[in-house]
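J.: Chain residues, written in single-letter form:
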Amino acid sequence: MKLLAFPYFLGCGLGLLILSWFGAQVQSPRMAREFVRFHQSINVEADYFPTARQVRTIIESSREAAPKVYVIVGGSSVLHGSGQPPDLVWTRFLQEELGPDYQVINFAQRSGSPADFGNIAAELLLLQSRPVIFVADADIVSYVRPLQDSFYRHIIFDAWHRGYLLPWPPRDRLLSEVAWRGPKELREPALGSILDAALNFNDLWNFVGYEFANSNWNRFLNSSSFKARSSFQEIGPTVEQFASMRYSYDVDTALGQIRAQTTWHWDRMSQVTEQMVPPALRAVTLATIDFASPYYLDRLAPTERNAFMARAYAQMQRLQKLGFNRVVMAAKDFTEDDYIDLVHLVVSGGQKLATILAPTIKQMATELKYLP
Amino acid sequence: MTAFMNASRWIVSMGAGIATALVMHYMLYRISIPIKPFIYVAF
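In order, the protein sequence lines correspond to chains V and G.
In short: position in the first sequence from 1, add 550, done, that's our numbering.
In short: position in the second sequence from 1, add 46, done, that's our numbering.
The hints are all genuine.
Computed footprint of chain V on chain G, listed as stretches where at least three residues anywhere in the stretch have a Cβ under 8 Å from a Cβ of chain V:
| no. | region |
| --- | --- |
| 1 | 54–60 |
| 2 | 63–75 |
Facing chain G, from chain V, some residues (calculated, C-beta under 8 Å):
| no. | residue |
| --- | --- |
| 3 | G561 |
| 4 | L564 |
| 5 | L566 |
| 6 | L569 |
| 7 | D597 |
| 8 | F599 |
| 9 | W755 |
These are computed hints drawn from the structure, not numbers from a lab.
All values reported here derive from a predicted model rather than from experimental measurement.
We put the beta carbon where it would ideally sit given N, CA and C, even for glycine.
Chain V with its partners taken away, still in its complex shape (with noise of 0.2 Å):
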């Protein structure tokens, strides 16, 4: 049978339509409620890309009542808990810390930076004017990943396509030129969010392979591809095999890593920063910077020690000078049994960071006039 073409086309259009429609409307309240952190089968190292809507969704179905406060954590593999299991990760010693007033929400991603993902949730509650503090982690020599090295590049399109970030015309700029002429890197992610903009292909495909079947194999899950996202519970090693993996590195390439932050241009830093990050998200912050083991810090010379602290401390007042809101060392005087590698912290580090964080935070709520 020939077929016609008026209503073979017409049936195209309904057919985008119609499923454009569903994408815009689907929602996994079960990925919300569950939601502890961005975990490996459920985050870009297993080919799954959360999207901006279900940054929104976890925001708005994980409690009943909202919080008078919002605390959301972005940043790197530090703040998403790297090295403590799910039941015991800092942010939920965090949240017991600050109680029921506050609502601690983990969207900091394995090899993530402040400005690439997590942020989205904290401008997005910006936008809608609801009290929001963001907790973000820094390293000594740089705050923002530039945005094609990021893995997380897909979302901050996508986000901003939604309307979900703050205006900020340097950022803005930015976004909106790259898909005609940025580097092949932001080009893709870019060309492909405007046509997920119209189109919601990525959140209704995300959702039937998060509540139904997972339809693209990876190496990473491998035979188990094809089950539903949901269907995989974090596992990852308990206590005692984060304990028999700590400092497993090779000492000299971790003090090469530490020898090579001075390497960085902070002006290329600080111009990126000023670029990705919203002055009115950076009021609410509190940035946090990544201290390196003393395991591998006493093993420096100590003019490498020094000058180590030295860059620590400059990170500190140039992230003041851009307008943060605190910028704090936590870990500054954590010991080597607080780590499990060069950066990441065991059970008893994360524990020792909340509580830590939580008074800065608490008092950040009175100063911005979220609680009394």
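The hints should help you fit chain G onto chain V, whose structure is shown.
T.: Same frame as chain V, now just chain G:
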């Protein structure tokens, strides 16, 4: 009979269009997933 045939052709053509839309929509999702694997870091 002709009217029935015409209606069937309409329905089949429209169904084929909807099926194409479904495939297209899914393909857009798949091609947006980078082929090159992402990070496989220890932590």
